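Protein chains in written order, with numbering that gives the first Met the number 0: chain A, 0 to 253; chain B, 0 to 253; chain C, 0 to 253; chain D, 0 to 253; chain E, 0 to 253; chain F, 0 to 253; chain G, 0 to 253.
For the record, the hints were derived by calculation from the structure and aren't laboratory data. Among these hints, one or two may not hold up.
[To be verified] A short list of chain D residues far from chain E (calculated; beta carbon distances all over 10 Å):
| id | residue |
| --- | --- |
| 1 | 82 |
| 2 | 166 |
| 3 | 183 |
[Stated by the list, open to error] Just some of the chain G residues that point at chain F, by a computed CB distance under 10 Å:
| id | residue |
| --- | --- |
| 4 | 14 |
| 5 | 40 |
| 6 | 41 |
| 7 | 117 |
| 8 | 124 |
| 9 | 128 |
| 10 | 149 |
| 11 | 152 |
| 12 | 233 |
[Unchecked claim] When the alpha-carbon atoms are kept at most 16 Å apart in a straight line, the in silico EDC-like pairs for lysine to aspartate or glutamate are as follows:
| id | chain 1 | residue 1 | chain 2 | residue 2 |
| --- | --- | --- | --- | --- |
| 13 | A | 174 | F | 155 |
| 14 | B | 85 | C | 137 |
| 15 | G | 85 | F | 64 |
| 16 | D | 60 | D | 155 |
| 17 | E | 85 | G | 183 |
| 18 | C | 85 | D | 109 |
| 19 | A | 60 | B | 54 |
| 20 | C | 217 | C | 110 |
| 21 | F | 29 | A | 208 |
| 22 | G | 85 | F | 54 |
| 23 | C | 174 | B | 54 |
| 24 | C | 60 | D | 155 |
| 25 | A | 60 | A | 208 |
| 26 | E | 207 | E | 173 |
| 27 | F | 60 | A | 155 |
| 28 | E | 85 | G | 109 |
| 29 | F | 85 | A | 15 |
| 30 | F | 105 | F | 54 |
As the structure is a prediction and not an experimental result, all values here were calculated from the model. Just so it is clear, CB atoms sit at the ideal spot from N, CA and C, and this is done for glycine as well.
Listed below, chain by chain, are the residues.
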Amino acid sequence: MHRNMYDTDVTVWSPEGRLLQVEYAMESVKQGSACVGLRSSNYAVIGALKRSVNEMASHQKKIMEIDHHMGVAIAGLTADARSLAKWMRNECLNHKYVYGQPMPSKRLCDDLADKHQRTTQTYVRRPYGVGLLVAAYDEATGPHLFQTCPSGNIYEYYATAIGARSQSAKTYLEKHYETFPESEKDDLIMHALRSLTGCVQGDGELTKENGSIAIVGKDQKFILIENDDLTQYLDRLEVEGGAAEGGDGDAMQE
Amino acid sequence: MHRNMYDTDVTVWSPEGRLLQVEYAMESVKQGSACVGLRSSNYAVIGALKRSVNEMASHQKKIMEIDHHMGVAIAGLTADARSLAKWMRNECLNHKYVYGQPMPSKRLCDDLADKHQRTTQTYVRRPYGVGLLVAAYDEATGPHLFQTCPSGNIYEYYATAIGARSQSAKTYLEKHYETFPESEKDDLIMHALRSLTGCVQGDGELTKENGSIAIVGKDQKFILIENDDLTQYLDRLEVEGGAAEGGDGDAMQE
Amino acid sequence: MHRNMYDTDVTVWSPEGRLLQVEYAMESVKQGSACVGLRSSNYAVIGALKRSVNEMASHQKKIMEIDHHMGVAIAGLTADARSLAKWMRNECLNHKYVYGQPMPSKRLCDDLADKHQRTTQTYVRRPYGVGLLVAAYDEATGPHLFQTCPSGNIYEYYATAIGARSQSAKTYLEKHYETFPESEKDDLIMHALRSLTGCVQGDGELTKENGSIAIVGKDQKFILIENDDLTQYLDRLEVEGGAAEGGDGDAMQE
Amino acid sequence: MHRNMYDTDVTVWSPEGRLLQVEYAMESVKQGSACVGLRSSNYAVIGALKRSVNEMASHQKKIMEIDHHMGVAIAGLTADARSLAKWMRNECLNHKYVYGQPMPSKRLCDDLADKHQRTTQTYVRRPYGVGLLVAAYDEATGPHLFQTCPSGNIYEYYATAIGARSQSAKTYLEKHYETFPESEKDDLIMHALRSLTGCVQGDGELTKENGSIAIVGKDQKFILIENDDLTQYLDRLEVEGGAAEGGDGDAMQE
Amino acid sequence: MHRNMYDTDVTVWSPEGRLLQVEYAMESVKQGSACVGLRSSNYAVIGALKRSVNEMASHQKKIMEIDHHMGVAIAGLTADARSLAKWMRNECLNHKYVYGQPMPSKRLCDDLADKHQRTTQTYVRRPYGVGLLVAAYDEATGPHLFQTCPSGNIYEYYATAIGARSQSAKTYLEKHYETFPESEKDDLIMHALRSLTGCVQGDGELTKENGSIAIVGKDQKFILIENDDLTQYLDRLEVEGGAAEGGDGDAMQE
Amino acid sequence: MHRNMYDTDVTVWSPEGRLLQVEYAMESVKQGSACVGLRSSNYAVIGALKRSVNEMASHQKKIMEIDHHMGVAIAGLTADARSLAKWMRNECLNHKYVYGQPMPSKRLCDDLADKHQRTTQTYVRRPYGVGLLVAAYDEATGPHLFQTCPSGNIYEYYATAIGARSQSAKTYLEKHYETFPESEKDDLIMHALRSLTGCVQGDGELTKENGSIAIVGKDQKFILIENDDLTQYLDRLEVEGGAAEGGDGDAMQE
Amino acid sequence: MHRNMYDTDVTVWSPEGRLLQVEYAMESVKQGSACVGLRSSNYAVIGALKRSVNEMASHQKKIMEIDHHMGVAIAGLTADARSLAKWMRNECLNHKYVYGQPMPSKRLCDDLADKHQRTTQTYVRRPYGVGLLVAAYDEATGPHLFQTCPSGNIYEYYATAIGARSQSAKTYLEKHYETFPESEKDDLIMHALRSLTGCVQGDGELTKENGSIAIVGKDQKFILIENDDLTQYLDRLEVEGGAAEGGDGDAMQE
């Protein structure tokens, strides 16, 4: 009836050496709306699809600022993500207060991953049900893009995507990521938008309502580009799309 | 026999990546009597249907004042709501004591959402079984309308409705919310009342006994409008209703 | 076999969004012997049926004094009630000690309700198995009548009844409560007794042994009227009863 | 197979609003050997049947002194009773040390009942498996007789009996208790012995080995009457018994 | 299949008002090798059968000294007994240090019984699986013999026996215990040995290897009589046995 | 249906005296990608296969530096390993701070093993799901190679391999380890690479992308050799391989 | 299906008065490779069979030094043993620091046994899965040989053996132990080796790789005899073996 008896407690190993509760929590990430991330030599960009709760809702955040040099895009449980973002903001504030300079992104993300790992080894808490894409720019080491998982794993990427239908975005990014290091700010943003187009549900389109982009980098504090600010980029996308439709016939897979 | 084995512990993930106990707690909100909320550029209004325990009961609160600039309407477990409202009042008092000015509503609601989130990640407590509509007016940022959920999610709305039969109210609000920013106080109250009419159970009517409205805004401290204070608005509603019945034939859906 | 799997832990939600353990605790109240409460503009009266443990028992309390201005009638687990009454007495003493005046009844009852609510949200304690009718008189706001529930709900009433066969008393009270505000002390007491008559088990009668009344109000400290003190009122009741039987034929439902 | 699923945890309510674990603990009292208690205007007497562990055992206590003005008779788990009696002794010592006078019996018994109640509301301890009959004499209020239950209930009696076959004793006491207030010390002791005779198992008789009586009262510190001290009373009982057999034919029920 | 569902948790009452886990722990005592105890007006003697783990084991203690005036014989789990004996030794040391005189044996045994009782009322520990016979001599009250049980019960005896096949020893002791008060030291020891003979397993005999005796009393510090020290007594026993076999035909039951 | 009832709790022994949860955790190690370790008289080398998450990931570490004289290769849960490595780094820092010299590797590994053992004896945590190969060079005792297990076992080796398909590597190492003590740095590295070749999944090859080597030793601080740094060694391997294919026909088993 | 319901929790008694989890833990000892211990008037010797993990492992300890005057041989879970040995070493160091002389072995072993006992009485930890043979030499009392068990039992022996196939060693030791008191150092070592020969698995032989001996005694600090140091003794054994085979035909059982 039930699949097995090893999957209801995060501290129980299955006979195959798996932690099934952690794997189930990762399902939650796969069902979140898609996020993408990518970076050039000077900038890191994250993008996300916003799900429309309701047209009357003023905003439902998928991208959150952590500090002037860092932000996150989320897929999964929003409440978990908000709680983690709050913790990250505090860590950044404390670091700045003590050392007089921004928190190095690698260090914060390692601590964040350990915070995830601990929930997988004790029965008092459940694993977090959210994946984060962290875009950051460190004065010393340049732009970074990290992905965290409910398992406590953390990866650094040149470009990646998470969430529902993110495979389409990954395919796009893999095709183009070798050209990213030299890309300008606006090119990165366009790549982010193009990779997101394939992640929209059903016959939906990427619009200024459901799209959301953020950038951080050299001489560029973290900024969020949404709604009307997004229009100019979507216009370019549409032009391309039209061209693409006529041009190479399979724009969605681009 | 039972649906599955992942739904009796809030810290257990289902194989599909869901937290079923949180979803069940949200059912409790759906069964509470309906509440609506809406805002203009200067005011936020919340309204609620009171369930009649008994004609001898002097009052059963569905709307509670938190501070001069904030109040909540509730759907779900009243005891949970009262406990949360008490906590919110204390937070407001402490903030005013420390900083000499009212608690910013966004900050309080974020803390409130985190309070909800924590109950979803530990086995020692159950998720709260109540949804809140928070109406607030901040000197700096104007009127706000927030909705909290048992999951720890929080949304900001121009207008929304929760609780039993709230779909009818949502339909009304979606049809009209674009006109709200310019509305006067009394117009907002009338919109609230009209949206509530469709949420009354069975053949019931909105009356001064079961209706309850509150408003807060620019130069307007939080006030509750109930019983006889509500009569003038209900009278206008009745006039409209009569007109409506003759006029466009489907007043309830208005 | 068993009804469902969601009903043995107070921190578990059923799929329908209910807390079944709380509902079961409320059954305990429904099985307690009946209590009634009512108030006029100046007085609050509570009455209760005492169950006879044994004719040799000197007294089994159903009504307890909390302070000079407050008392409770109980239905459900006596031991739970005694423990709560003790806590209420301490709260009253502390308040008087700190502020030099009696505890406002509304404030105490709100704290009492929160004490109930907390037992419904943690697995370490069970919900209380008792309902209280609190009669109080505050210098500032006059007489009050509150009812608390195992769920943590609290209601203020003009008149109400709880416990076994209390529907009969409610019916009586609903018929007459509009005349209560102007009633004199003795009239209130007579109303309480009349409402109790229908709650006596089987063919039993209301007697000075099983009846118990208390009153508190303006210039009237809390007093308990039992045994011989009750006789004069029971005599009046009997006279009425005879009259009633001849008069309107259905005295018990009165 | 098993009766239901609500009866293995003291903090779980059955759907009928009962706490079955508490009811099971009360069975333990019903199986203890019988105890009786009664009081006149000036004295309180408790009596108990001692079960014979073994003729080589020097004594197995069923009645314990708490203080000069108080003692208990027990039915149920002896180890629980001893632990409670130790606590009561300490309370009395502390009270005497702080206030310079004996602990009022009512106050101690209320605290004792609360100690019982707490074990019924938390999962970390089981309910006590013992019932106590407390005989006490307070300078201010005269003699008292209390009974405590595993449920945390407490009753004050003129006369009562608990334990195995105690119904026979209750029947005797109910028949005679109205004459107790005027009784002399020795008469009370004889009533206690007579009520115990019907509780002896099988064809057994009340003897100086299995009987045990204690008295406390006005100008009478608590004393235990056992073994040879009991002989004179048993002799009187035998004389009566012979008379009774000839006299009214049903001595055992007397 | 299983006997019932009330027997795996020490804090769960069975519907018959029993604590089955405590009863199971008492089985552990019944399976320990036998111990006997007896006392005269001036001495207390304990004896025990040692089980042979292995002829190469130098000694496996069944009797332990607690203080100069006290010792214990054990039946059941040795590890539990050793842990309890260590606690008793510490209590004696502390008492001597604080009061300058030996710990009264009754007081220590009451505390010991409470230590047992507490394990029967909380789920965090199991009941002890050992019974103790405590032999002690108090300057003020003379010799004592106590028996403790896993249930927390404690009994004082003139003579008794516990453990496997102890019924035979009890029968012997009951036949002779009335003569013990006047017995000399060596007579008591002989009684102890005779009572032990019937407890030896199978066709085994009481030998200097498996027998163990200890005595404490007036002007007699606790001493252990084992191995060669025991020979003289065993020789007397053999002589008797021979005589007995010829004499009264049923030496084993003597 | 399920295999047995002793395998879901780490603190439960199976009737055969096994701790099944610990054994299941060891499965997690067996499924990690392979690691090898070996040492000469002066150097210790560890090597690992990196699994390709994604070509866009910048690096996924399988070998981590702990201190200048120590590093680890991991097989199993990366998040557990990272958390353990962080702890090891802190221990090294603290030791250096207090004693002014590097932490002896044997001492750290013993503490590490105890850290593992503790998770196998308490129910609050699960066993770690990772195996470590620790390569270290102590000034006093030369190079060391330790392996830790989820069970808390620790082994010192001349050469070994763990993880998926590690048997192939073990076979290679057993064949050659007797020649290691005299090997030069580069020879050791070549042995590590050759042993890894058989562990690559399917028809895959050892490449600069999936291979990873580290060395520590006399006058040689810990260094990681990856990517382009690895090319020279892989080139030598290919030359050999070609030779081998022609030479002895079964290069993979070498 | 399952054997019974009393065997998964160490704090649950079976109806027969057994603690099954403790018994299962003892199985773990029976499956460890064999250890032997024996002592003369001046020396204590322990010996053990090492299981070969792998020929490349440098050493897998079965005998550990605790202090200059004490060492242990282990059978069962190595990680548990290492953790216990560490604790024993600390106890010895603390004792030497405080009292200026070595820890008496009896005292340490009693404390060790209590440490075992505590794990059998609480649900938070599992019983240790290891048996220890402790060889020690105390200045005051000479050589000692103790055996500890998971149950918390402790035995002192002249000679004994534990672990897989240890019955063969026991048989040898029982045959010869009466001659041990007078034996010289080397004779004891030879007895230890001879007793171990029968414990080797299958057709295996006792070799310098799998054998391990340690001795401590008068003017003899604890030393471990392994590998090449063991050769001279194994040579003597082989000579004997040859002789034996010709001599009394059943050398293995000697």
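If you test the structure against every hint from before, which numbers come out violated? Of the numbered hints, 1, 4, 5, 6, 7, 11, 12, 13, 14, 15, 16, 17, 19, 20, 21, 22, 26, 29 and 30 do not hold.
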